[in-house]
Amino acid sequence: MSWFMGIDIGSAYSKGVITKDIELVASHIILSGTNYRASAETIRAELIGKLNVTRNDIANTVATGSGADNVHFASQKASDIVCTARGINNVFPQARTVIDVASQSTRVIRLNENGLVTNFTVSEKCAAGSGRFIEVIANVLRIKLADFGPLAARSKSPITFSTGCAVFGESEAITRISEGVPKEDIAAGVNKALAGKISSLVKKIRLEEPCAICGGGALNTSLVKTIEDELNAHLLVPQQPQLITALGAAMIAAKPATSHSSKEA
Amino acid sequence: MYFAGVDIGSTMTKVVVTGKAGDLLSVIKGPTGAGYRQLANEVMRQALEQAGLRIDDVSYIVATGYGRLSVPFADRQITELSCHARGVYSLFPGVRTAIDIGGQDAKCLKIDNGRLVSFVMNDKCAAGTGRFLEVTAATLGIKLEDMGEISLKATRKIQISNLCTIFAQQEVVALLSRGEKLENIIAGLHDALASRVAALARRLGIEPDLVLTGGVAKNIGMVKAMKESLGCEILVPEEPLITGALGAAILANQVYVKAAAAGEALPTKSRRLEKATFFSQESR
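Residue numbers (the numbering used here), protein chains in the order written: chain A, 1 to 265; chain B, 1 to 284.
Note that these hints are calculated values from the structure, not bench results.
As the structure is a prediction and not an experimental result, all values here were calculated from the model.
Any given hint could be a false lead.
[What the hints assert, rightly or not] Label pairs and their calculated CB-CB ranges:
#: 1; chain 1: A; residue 1: Q239; chain 2: B; residue 2: R178; range: 55 to 63 Å
#: 2; chain 1: A; residue 1: N35; chain 2: B; residue 2: E233; range: 39 to 47 Å
#: 3; chain 1: A; residue 1: A38; chain 2: B; residue 2: D146; range: 49 to 57 Å
#: 4; chain 1: A; residue 1: D229; chain 2: B; residue 2: Q254; range: 51 to 59 Å
#: 5; chain 1: B; residue 1: V173; chain 2: A; residue 2: K203; range: 29 to 37 Å
#: 6; chain 1: B; residue 1: N113; chain 2: A; residue 2: I143; range: 50 to 58 Å
Glycine residues also receive a C-beta, built at the ideal position from the N, C-alpha and C atoms.
Please build the complete structure, drawing on both the sequences and the hints.
Rendered as structure tokens:
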């Protein structure tokens, strides 16, 4: 029995997990802030504290995400694509496509029957195509991110945004509010716009079911439902979708990709 | 005989009143803003006051800009592309290429003898418009109008790697916390916007004389960055905001004189300075 750590430093949130072999035993999420190195340290301290173990008990640590370079205590870095694939394969071994709706971009990854990446595509770094659009509009609507999905679900007539830009969308949302449009119709409009962009990204590399969705965007239940409608497919949603990539990093820490693939092959 | 052009942009509302010979009688600018989009009547009132005229004195009024459909006292609407082309040409008869960078879009116009030949525009992404600077100035805690002057002190341009305005905002915060100099960051932001607009203009082909207008042309740092990006000289009107409204007033004059010569009676709207209702005609 050994402990492994996966740290995923994203542009908005930093996530960390500890696994005992392949079982998730501790997790922690914080805002990344501007000092990624300090964020990584904080996550490690919190994780270790939760389990009552010491640093030395962690057999191996793998870092991923756009800030992976700042995790100085990791033995190696792994690409977020590989980590997400590995993580989702752990939770849903049957998944052949995974959509990762993150704060800066959306990634769609195709996996083979062994859970290995066969193809992937990443959205442009455009806020209107990523989870950031939700954050921007949630801020305008003065609601918590957690309330965004349930609020949008109540809408009967989602608004249509006239541009595909989050900055212009923000102004448009403000105008709509001043016109007395209900908040839920604006929130649902965001989900509709985002779902449209995400599904065209999925179609770019062809959808193969079963399809899973992860990343912070998957916490927005109404977004998930809207994407399902767009794609006409059921989406598998993990319990803690934001942790999937960190989980994958911990899996790689436990078993590097090469031995993983040779075992599976 | 007097004529007026009303240009309702996303950020500013501009009114120009001219006499029969095209002489400028008054030029007024006021914010358009969100929620206060109904102020065209107020800006018009000020313009008339400055010219010493009453609304009934104005023979013909043309509205332009993205809010042109909701100016209740305008006799006719003409697209901002035609009005800009006409306005720029009246100031710079040698103009072949006009670039207008506004608060919500950027347009590049090819002009031949004052006529609009072709155009390209970006109104899809804030990163290629004045909004990019507006948003990042707010993040930097400086006034939009101070950006130009500050950027002139730059010793180098910091490359901004994010295209998206929202992510650039985050990048700017990170750059500040890393201790980068404000002026170098701003020079980088100017460079980023200029190269995007230059790429747009190149799709059309650039021919001199090139004129830069719109609110962004008031930023001396942006004019410099555009010169560098385009690799050619740039002419900037003394008041780069009003070319659309000026063109609208000139076209109002032309339309009116032409109709009068043909003996036609032009339908005009009621000369009451009513508030504009911006989105009333649009269905959600």
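Kindly indicate which numbered hints from before are broken by the structure, ordering the numbers from low to high.
-> Violated: hints 1 and 3.
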